[in-house]
Every structure is written in structure tokens, then in C-alpha cells.
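Protein sequences, first through last, are from chains A and B. The opening position of the first sequence corresponds to residue 1 in our numbering, with each subsequent residue numbered one higher. The opening position of the second sequence corresponds to residue 311 in our numbering, with each subsequent residue numbered one higher.
In case anyone wonders, no lab produced these hints; they're calculated from the structure. Cβ coordinates follow ideal geometry from the N, Cα and C atoms, glycine included. Among the clues, some could well be false.
Over 10 Å on every C-beta distance to chain A, these chain B residues come out as not near it, computed from the model [unchecked claim]:
id, residue
1, T317
2, A355
3, A378
4, E435
5, R486
6, R497
7, A533
8, P541
9, E554
10, R579
11, E616
12, V623
In silico contact screen, one side only, chain A against chain B (beta carbon under 10 Å); selected entries [as the list claims (entries may be wrong)]:
id, residue
13, V172
14, D233
15, H262
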Amino acid sequence: MSDVLTSSPALEARGLVRRFGRTVAVSDLSLSIAPGELYGLVGPDGAGKTTALRLLVGLLTPDGGEARVAGAVSHAAGGALRASLGYMPQQYSLYGDLSIDENLRFFGDLFGLSSTNFRERVAHLLGITQLTRFRDRRADALSGGMYKKLALACALLHRPRALVLDEPTNGVDPVSRRELWELLYTLVDEGLAVLLATPYMDEAARCHRVGLLQGGRLIAEDAPAALVRAFEDLAYFVTAADRDAAEAALHDLPGVRALSPHGPGLRVIVAAADAEAFRRRFASADMRWHLEPTAPDFEDVFLMRSIDAE
Amino acid sequence: MPSEPETVVDVRGLTRRFGAFVAVNDVSFSVTRGEIFGYLGANGAGKSTTIRMLCGLLAPTDGRATVAGADIAREPGRVKRSIGYMSQKFSLYADLTVAENLDFYASAYALSGRLRAARMDEALELAGLADRRDALTRELPGGLRQRLALASALLHRPPVLFLDEPTAGVDPLARRAFWRVIRELARGGTTLFVTTHHLDEAELCHRVGMMVDGRLVALDTPAGLKATHVPGTMLSVGTGAGGEAGTRAVMAALAGMPGVHGWQPFGLRVHVRVDPELAGPGRLAARLAERGVATADVEATEAGLEDVFLALVRR
Numbered sequence: 001m002s003d004v005l006t007s008s009p010a011l012e013a014r015g016l017v018r019r020f021g022r023t024v025a026v027s028d029l030s031l032s033i034a035p036g037e038l039y040g041l042v043g044p045d046g047a048g049k050t051t052a053l054r055l056l057v058g059l060l061t062p063d064g065g066e067a068r069v070a071g072a073v074s075h076a077a078g079g080a081l082r083a084s085l086g087y088m089p090q091q092y093s094l095y096g097d098l099s100i101d102e103n104l105r106f107f108g109d110l111f112g113l114s115s116t117n118f119r120e121r122v123a124h125l126l127g128i129t130q131l132t133r134f135r136d137r138r139a140d141a142l143s144g145g146m147y148k149k150l151a152l153a154c155a156l157l158h159r160p161r162a163l164v165l166d167e168p169t170n171g172v173d174p175v176s177r178r179e180l181w182e183l184l185y186t187l188v189d190e191g192l193a194v195l196l197a198t199p200y201m202d203e204a205a206r207c208h209r210v211g212l213l214q215g216g217r218l219i220a221e222d223a224p225a226a227l228v229r230a231f232e233d234l235a236y237f238v239t240a241a242d243r244d245a246a247e248a249a250l251h252d253l254p255g256v257r258a259l260s261p262h263g264p265g266l267r268v269i270v271a272a273a274d275a276e277a278f279r280r281r282f283a284s285a286d287m288r289w290h291l292e293p294t295a296p297d298f299e300d301v302f303l304m305r306s307i308d309a310e
Numbered sequence: 311m312p313s314e315p316e317t318v319v320d321v322r323g324l325t326r327r328f329g330a331f332v333a334v335n336d337v338s339f340s341v342t343r344g345e346i347f348g349y350l351g352a353n354g355a356g357k358s359t360t361i362r363m364l365c366g367l368l369a370p371t372d373g374r375a376t377v378a379g380a381d382i383a384r385e386p387g388r389v390k391r392s393i394g395y396m397s398q399k400f401s402l403y404a405d406l407t408v409a410e411n412l413d414f415y416a417s418a419y420a421l422s423g424r425l426r427a428a429r430m431d432e433a434l435e436l437a438g439l440a441d442r443r444d445a446l447t448r449e450l451p452g453g454l455r456q457r458l459a460l461a462s463a464l465l466h467r468p469p470v471l472f473l474d475e476p477t478a479g480v481d482p483l484a485r486r487a488f489w490r491v492i493r494e495l496a497r498g499g500t501t502l503f504v505t506t507h508h509l510d511e512a513e514l515c516h517r518v519g520m521m522v523d524g525r526l527v528a529l530d531t532p533a534g535l536k537a538t539h540v541p542g543t544m545l546s547v548g549t550g551a552g553g554e555a556g557t558r559a560v561m562a563a564l565a566g567m568p569g570v571h572g573w574q575p576f577g578l579r580v581h582v583r584v585d586p587e588l589a590g591p592g593r594l595a596a597r598l599a600e601r602g603v604a605t606a607d608v609e610a611t612e613a614g615l616e617d618v619f620l621a622l623v624r625r
């Protein structure tokens, strides 16, 4: 990664500001994504993720600061930007009546690819998306996961240096979601810079770096593992046959900051300073539930940072 | 749940064909009052087709089903009056205010007078929007829009509620708040039929059915599904500071290791299903170290429904 990080950024935001009326949707946002880096943007609904992505790809003009893709200012670059950027918004429209091949041909023409270049590129993209044997199927007849992979292939036809994806796996089942992620890693290994917004915390944890957006501001940014290491609270797992009763009883114990059903039991986040008191009360209350410490995960980080920032 | 469970949804041999394609193939199950029933499967497995039939929107090709006592083929109108339905595409008018949207649904359900006013107030309360009744719906954050869609679907107090991917694209905090409401509704006796791709949510269902290619291939409690479909010991392996590269190194080292049945990345960790002889403290870590992954921390973990899903769908 070291030589990758020293090269010039594929995507960059410097002090981006965007208002809608009196609402400040994005406030002083700076970030930088290197070639071969996978960067995840997470945050509660309404935090400004989609606005930030739209500013970066030049679909919105900032009220302050600037965004650059491969060095070119996003909102001013026009066609030059389109050549170095792939963008997949939440609602990505392909032509439902056209086959996979025909959709690719349409986008190939749009980007002015030569026929040799087009053929090579299509063979490569259909290969890595495992769509080759479906190439005659109409887009409307594809499953959700295959449709997303075709949309991704269309966005990558012209060999962009940066790819921006707005919640690419919404509505995609767990198996297809994993396939899409394997595909993203293949692309990143080839040197593509990827910026994506996601509501899935397990996906965020698999990014090289994540930025946590809250109220339009970047309130944390680091490698997911580093954010988990910096987590100050303690996580416990409570095994309980009667989960609802356990939840009610644990709610008022000292230091409990968050409590949620998790698999067969409950996950409890306890402030470190109160952990001793929490454990004592848990033991003395003659609770018939089993308590054990567990490693905090990225979702814990997200939840507690979001709650703290509110 | 009541001691004598009352069947609210009863499905027998339900089948739907589209031309030569069998979207739903001989599916049978029943759901009892106050149950949260999860209906899972890959995209295109037949989940939405089942829901459309159970809501009286699509006639079955074969088989039968009753919902709240009404036959879906012969009495689709009665079915529609006794259910609430909410889909991933929130069925709200973005250019109307919160109150106007509720008003629209109250009219659709023919609520009038004091009952109408009372139900609308309760809906605003449920959605947490009592102080924002004049806000434009499109200006609400996704989580609140989703609560409003849920409250709209409940205005006529249906005994059965169908939720088709209600939390797609919703952030973790809002998803938790949404599920608190779902569990509260179930405790109050509402029967809930839910599809989701978030398998942590499926863990909150009383029972879960798994659809693969139109067939119901498994139906049990979450604990029962795990015991049947992902037996053995599940270990969770992390590499601390290794991040994604560390995760991939662990997976590479697991390939071909005797006693290892399978593995899946989960966030920053890898879930590994192993034979009992690999389950003892330090054993898997030692094997990983032999293969060049020295920094692995290994802890016992519970199999999740995602493990079950992957086992069934990838078979």
C-alpha cells in the first residue's frame, strides 16, 4: 500500500460545502482517496452521504471548497471528468428491453470506445462479473444481484480511474452481496480507486478506510480496525432464553449505553468507567443469564459514535 | 404467544407459474397470531410473489391460502381489508405533508369522524412525527419516512402486516428503532410476515422460512435452523491490525486445512466452521501460525443465520 498512498489522489475533496436553502447538507468536507484504495462513507440517513458523492462526481456545484477527480475540478471538468470516472447512483437505469450485450454496446458507443478496445473490455468485464453465459438475457430478466453487476460493468467500460457507488448493495441478497464485494476487491487490486456509501456495517468494516459522516461533517476517519481499537466502551454478550425479559432487566444497570438483541442473545455496550459496577450489579441481581465479554465490532463503533455526536 | 396458537396465515401447496417458470412451487406453512415470521431467500427466489398472492394481489396457479380467515383466491377483497402492507418502495406521496399522507390512507381505509382523528394521532405518535405533521414527506430522513409508511399501513389496525424488505437502505440506528416497533406490535398480537436481506433482523423473528428457487427448503426457529444446517463448532478469527489484508491472509491459509468445513468473511473477522478436534483453545491459531498467519486471535462464536443462508443457497 505504501507506494499507492504516496501517489496523487484519484478522488479528492477540499473543504466542500453545500447548502440547500437553510440546511447545510455538507459542511467543510475534506477527503482523499488513492488509486487502489477502497473508501467507505457511512452515516445515519440524512447525514449527507449522497450529497457528498454528487459533489465529488460533479453533479452538484459546491457552495464552497472543491472536489477533484484525477486532478480535474469536478463541477468544471465536463467531458474530461466523465473519462476518468465511473458513477453508480442508487437508482441506476439500464435498458430493460435490451440484452446484457446490447446494454454494454450502448454504453460503449456513448463513451466512444473503438471496436477492438470495446471487445477486449467486454470480455474482461463479463469474465470478472461472471455474466458471460447470460450475455443474451434481457436486463429486465436479471436477478437484483446480476443487474447490479451489469450496471457496474457499464460504469467501468471506459476504464475509469475512480469509481463512485451510492449504496450499491441495497436490496441485494446476502450471496450476491458477497459476490459484488469479491468483484470490488478484484477491481481495487487492479488499481481502481473506489468510494462507496453503504448502510451495511459489515461492508464498511471491509473497506481500507471509512469516513463517518454526521450532520454533513466528517466526525471520524480511519482504517476500520483502528477505529475498533480506539473504541472506549466495553462490549458484552448476554445469553438469555427470555430475551425480552433480559432486555428489560438490563436496561437500568449502571453504565449501560446501548442494548440490542443480537443473534440468540443481547449485545450490551457498557461505559468502561462503569464496567466494574455493571458486572457487580449483574452478579448480585441473581440474574439467570450468562454474561461474557466480547470483542467490539465496527457496528458498535458506528452506533456509539453516532449516538455521541447527536 | 398464546398457549393455544391461533393460525392467522395458512398456506397449503401454494404455487404460481409465469409461463414455464415456476416462481412459487408447492409452498406450505402456517403463521400464528403474534408471530414474527421471517421469509428469506435470494433475489428471485419467490418471496415477493408469495407476498403478492397472500395480499390478494395475484391469483395462485395452484394450492390455497387463507389470511385472517379469508381465502386469497375467492375473497381477495376481504384479504386486502384485513392486512397492512409496506414495501421497500415506501408507498408515500413525497410532495404531500406527513398529515396529508395519513389522511390519504385514512380515506382509503374509510375511517371517519372521531375514530379517524384518534387513529391519525396514534399513527403520528408511532412514527415519532407528532411535532412534524406539516413537514413535507420528501424532506424527512429515510428512517422517519419508513416509520411513517409503517404507521400508514397500520391505520386500520390490520391483524396481519406484510413487510417486504422494509429496511433496505436504512441505517443501523433507524433499523434498531424500527425493529423495536415490530417486536412491540407482535407482543400486542399483530402477526408479522417479513422479508429482509439483513440477517441480523431475521434473528429477531420467531420462525424463519428459507426460499430457494421457488421452494420452501427450510422452516424453523433461528436456533433450530442453525442446529440443522450449520452443525459443528463455529470459530471467529481476527487479525487485529491486519484489516482486510489480514482477513484475506486468514482465508488463504484456511484453504485445504484438514478439519475445516468452510469459512466466510464477516466484517473484519472470518467465521470458520471446524471439526471438534480443531475447536480446543489455541488449536486453530496454531494451525494458522504454521501457515504463516501468526497474529490470529480466535474466539468461539455462535453461527448466525447468514451462515445458514449461505449453506442453503450455495448448495
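Now the hints, each set against the structure:
At roughly 23 Å, the least C-beta separation between B/T317 and chain A is larger than 10 Å, which holds for a residue marked as non-interface. B/A355, annotated as away from the interface, has a beta carbon of chain A within 10 Å; the closest lies near 8 Å. A cut-off of 10 Å between C-beta atoms confirms that B/A378 is not in contact with chain A; the least separation is 25 Å. The beta carbon of B/E435 sits about 21 Å from the closest Cβ of chain A, which is more than 10 Å, so the claim that it is off the interface holds.
For B/R486, the requirement that its beta carbon stay farther than 10 Å from each beta carbon of chain A is not met, with the minimum near 6 Å. Not every beta carbon of chain A lies more than 10 Å from that of B/R497, the smallest distance being close to 8 Å; the non-interface claim is violated. Residue placement check: B/A533 does not keep its beta carbon more than 10 Å from all beta carbons of chain A (closest about 6 Å). The claim that B/P541 is not at the interface with chain A holds, since no C-beta of that chain comes within 10 Å of its own (minimum 16 Å).
With a cut of 10 Å on Cβ distances, B/E554 falls inside the contact zone with chain A, its closest approach being about 5 Å. Against chain A, the non-interface label of B/R579 is violated: not every CB pair exceeds 10 Å, the least being about 8 Å. For B/E616, the non-interface assignment is contradicted: its Cβ lies about 6 Å from the closest Cβ of chain A, within the 10 Å cut-off. Once the 10 Å rule is applied to beta carbons, B/V623 is inconsistent with being away from chain A; the minimum gap is 5 Å.
Evaluation of the A/V172 hint against chain B yields a held restraint, the C-beta minimum of about 7 Å falling below 10 Å. With a least beta-carbon distance of about 16 Å to chain B, the hint placing A/D233 at the interface is violated under the 10 Å criterion. Annotation: interface hint on A/H262 holds; nearest CB of chain B at approximately 7 Å, less than 10 Å.
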